[in-house]
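Below, each chain spelled out in residue letters.
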Amino acid sequence: RKEVEQDPGPFNVPEGATVAFNCTYSNSASQSFFWYRQDCRKEPKLLMSVYSSGNEDGRFTAQLNRASQYISLLIRDSKLSDSATYLCVVTRTGGSYIPTFGRGTSLIVHP
Amino acid sequence: GAGVSQSPSNKVTEKGKDVELRCDPISGHTALYWYRQSLGQGLEFLIYFQGNSAPDKSGLPSDRFSAERTGGSVSTLTIQRTQQEDSAVYLCASSYSNQPQHFGDGTRLSIL
Numbered sequence: 001r002k003e004v005e006q007d008p009g010p011f012n013v014p015e016g017a018t019v020a021f022n023c024t025y026s027n028s029a030s031q032s033f034f035w036y037r038q039d040c041r042k043e044p045k046l047l048m049s050v051y052s053s054g055n056e057d058g059r060f061t062a063q064l065n066r067a068s069q070y071i072s073l074l075i076r077d078s079k080l081s082d083s084a085t086y087l088c089v090v091t092r093t094g095g096s097y098i099p100t101f102g103r104g105t106s107l108i109v110h111p
Numbered sequence: 001g002a003g004v005s006q007s008p009s010n011k012v013t014e015k016g017k018d019v020e021l022r023c024d025p026i027s028g029h030t031a032l033y034w035y036r037q038s039l040g041q042g043l044e045f046l047i048y049f050q051g052n053s054a055p056d057k058s059g060l061p062s063d064r065f066s067a068e069r070t071g072g073s074v075s076t077l078t079i080q081r082t083q084q085e086d087s088a089v090y091l092c093a094s095s096y097s098n099q100p101q102h103f104g105d106g107t108r109l110s111i112l
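Line order of the protein sequences matches chains A and B.
Here the working numbering is used: the first sequence runs in plain steps of one and ends on residue 111.
Here the working numbering is used: the second sequence runs in plain steps of one and ends on residue 112.
No lab work stands behind these hints: they were computed from the structure.
Glycine included, every Cβ here is placed at the ideal spot set by N, Cα and C.
Among the hints, a few may not be true.
Okay, derived cross-link-like pairs now, DSS-like style, lysine-lysine, Cα gap no bigger than 30 Å in a straight line [said to hold, decoys possible]: (1) A:Lys42 <-> B:Lys15; (2) A:Lys42 <-> A:Lys2; (3) B:Lys57 <-> A:Lys79; (4) A:Lys45 <-> B:Lys57; (5) A:Lys2 <-> B:Lys17; (6) A:Lys45 <-> A:Lys79; (7) B:Lys11 <-> A:Lys45; (8) B:Lys15 <-> A:Lys79; (9) B:Lys15 <-> A:Lys2; (10) B:Lys15 <-> B:Lys57.
Label-pair ranges, simulated between beta-carbon atoms [said to hold, decoys possible]: (11) B:Asp63 <-> A:Asn65: 19 to 29 Å; (12) B:Pro8 <-> A:Asn55: 17 to 27 Å; (13) B:Asp63 <-> A:Gln31: 29 to 39 Å; (14) B:Gln99 <-> A:Arg41: 37 to 47 Å; (15) B:Thr76 <-> A:Asp77: 37 to 47 Å; (16) B:Asn52 <-> A:Arg76: 23 to 33 Å; (17) A:Glu15 <-> B:Asp18: 19 to 29 Å; (18) A:Asp77 <-> B:Glu14: 46 to 56 Å; (19) A:Asn55 <-> B:Asp18: 43 to 53 Å; (20) A:Asn55 <-> B:Glu44: 26 to 36 Å; (21) A:Ser49 <-> B:Lys15: 37 to 47 Å; (22) B:Asp105 <-> A:Asp77: 25 to 35 Å; (23) B:Gly51 <-> A:Asn12: 38 to 48 Å.
Rough simulated footprint, nothing fancy, chain B against chain A, three-plus residues with beta-carbon under 8 Å [unchecked claim]: (24) 29 to 35; (25) 42 to 56.
Bound conformation, chain B alone:
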């Protein structure tokens, strides 16, 4: 079946612009997670959704970052007024309950 789909695959934008990243999880997966990973670094947890609600937003690095999930499916991660330190790979994963997560290919974000 279809895996986790993320778009765009790559995004290059100028500092100060807003960006929107999309994640389409595996059908039926109730949990959805956003992470980011800088080159050579580990995964940094950003936010988690159970259904449409986000019980844990503790990982969002600043108020420029927000995320939503609608219909228990697609999620968007929005970064406003991007800064160069936002450059990273943004990974989305989904799972059913406490089963293993399945990751998308990621969005490679570059801020010029």
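With the rest of the complex left out, here is chain A:
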């Protein structure tokens, strides 16, 4: 089992739709979780951190389920500009902090 797994998609949704991605992780010692966004031929950029209690930033909501070892990202009222690849990142601690990136989920928002 891969350490971090994501459905590669693509998720093809109309503008205004709500879409959700999940990301599962295998190491129960994982402690930090993030969502990044990567546009085509660009570097990944931090979208949001994921906190145990769940957190919201505008149209984006991130949640963590430690018992089932997954994190989720919900995007409401999708915009054309949301089209990108969304990368899930999980970091272990204990001497070194090497984040593990998922392969990413592709989102295409169409008019």
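Here the structure of chain A is known, so what remains is to put chain B in place on it, guided by the hints.
Just chain B, lined up with the frame of chain A:
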């Protein structure tokens, strides 16, 4: 403030040549990471520095790849005797402890 800076932005070289890629992290970031990404693929972890030491070199694909970091700041990734399969975007990221990473724009390496 200044972000992670990588140079060159693009590099085209002939097979068999050596190349050196540079990364200047965000000031104060103790951790520095190198990744590479081939077109349409995910990020491939190469090496990680904490300060000047590299506790994890497990991702380096072969002994043609090496990296160093001096003064807890600038890092160079060197690829010797380049092969066509080395063509990719090489991304550098830095962070403070287990805080989120910040990426540079990358170096697009093409081996002819």
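Hints, verified against the model:
1. Annotation: proposed proximity of A:Lys42 to B:Lys15 holds, straight-line Cα distance about 25 Å (limit 30 Å).
2. For the proposed pair A:Lys42 and A:Lys2, the alpha carbon gap of about 25 Å is at most 30 Å, so the pair holds.
3. Distance hint between B:Lys57 and A:Lys79 is unfulfilled; the C-alpha atoms sit about 40 Å from each other, more than 30 Å.
4. Distance restraint check for A:Lys45 and B:Lys57: the Cα-Cα separation of roughly 24 Å lies within the 30 Å cut-off, and the hinted pair is therefore satisfied.
5. This hinted pair does not check out: A:Lys2 and B:Lys17 have alpha carbons roughly 35 Å apart, beyond 30 Å.
6. Of the pairs offered as hints, the one joining A:Lys45 and A:Lys79 holds, with about 18 Å between alpha carbons and a cut-off of 30 Å not exceeded.
7. Straight-line distance between C-alpha atoms of B:Lys11 and A:Lys45 comes to about 23 Å, which keeps the hinted pair within the 30 Å bound.
8. Under the criterion of a C-alpha separation no larger than 30 Å, the hint pairing B:Lys15 with A:Lys79 is inconsistent with the structure, at around 43 Å.
9. For the given pair, B:Lys15 sits about 33 Å from A:Lys2 by alpha-carbon distance, which is inconsistent with the 30 Å threshold.
10. At roughly 24 Å between alpha-carbon atoms, B:Lys15 and B:Lys57 fall within 30 Å of each other, so this suggested pair holds.
11. At about 42 Å, the beta-carbon gap between B:Asp63 and A:Asn65 misses the expected band of 19 to 29 Å.
12. Taking 17 to 27 Å as the suggested C-beta distance range, the pair B:Pro8 and A:Asn55 does not conform, at roughly 38 Å.
13. The beta-carbon spacing between B:Asp63 and A:Gln31, approximately 33 Å, falls within the hinted interval of 29 to 39 Å.
14. The hinted window of 37 to 47 Å between B:Gln99 and A:Arg41 is violated, with their beta carbons roughly 26 Å apart.
15. Checked against the hint of 37 to 47 Å, the pair B:Thr76 and A:Asp77 passes, with Cβ atoms roughly 45 Å apart.
16. At roughly 45 Å, the beta carbons of B:Asn52 and A:Arg76 sit outside the given window of 23 to 33 Å.
17. A C-beta distance of roughly 49 Å is found between A:Glu15 and B:Asp18, which places it outside the suggested range of 19 to 29 Å.
18. At roughly 50 Å, the beta carbons of A:Asp77 and B:Glu14 sit within the given window of 46 to 56 Å.
19. Between A:Asn55 and B:Asp18 the Cβ separation comes to about 46 Å, which falls inside the hinted range of 43 to 53 Å.
20. A:Asn55 and B:Glu44 have their C-beta atoms about 29 Å apart, which keeps the hinted 26 to 36 Å range intact.
21. Distance hint for A:Ser49 and B:Lys15: a CB-CB separation of about 42 Å, consistent with the stated range 37 to 47 Å.
22. Distance hint check for B:Asp105 and A:Asp77: the Cβ-Cβ separation is about 30 Å, which falls inside the suggested range of 25 to 35 Å.
23. Hint check: B:Gly51 to A:Asn12, Cβ distance near 45 Å, so the stated range 38 to 48 Å holds.
24. For the region 29 to 35 of chain A, the assignment as covered by chain B holds, since 3 residues bring a beta-carbon within under 8 Å of that chain's beta-carbons and 3 suffice.
25. Coverage of a stretch by a chain is defined here by at least three residues with a beta carbon nearer than 8 Å to that chain's beta carbons; for the region 42 to 56 of chain A and chain B the count is 6, and the condition holds.
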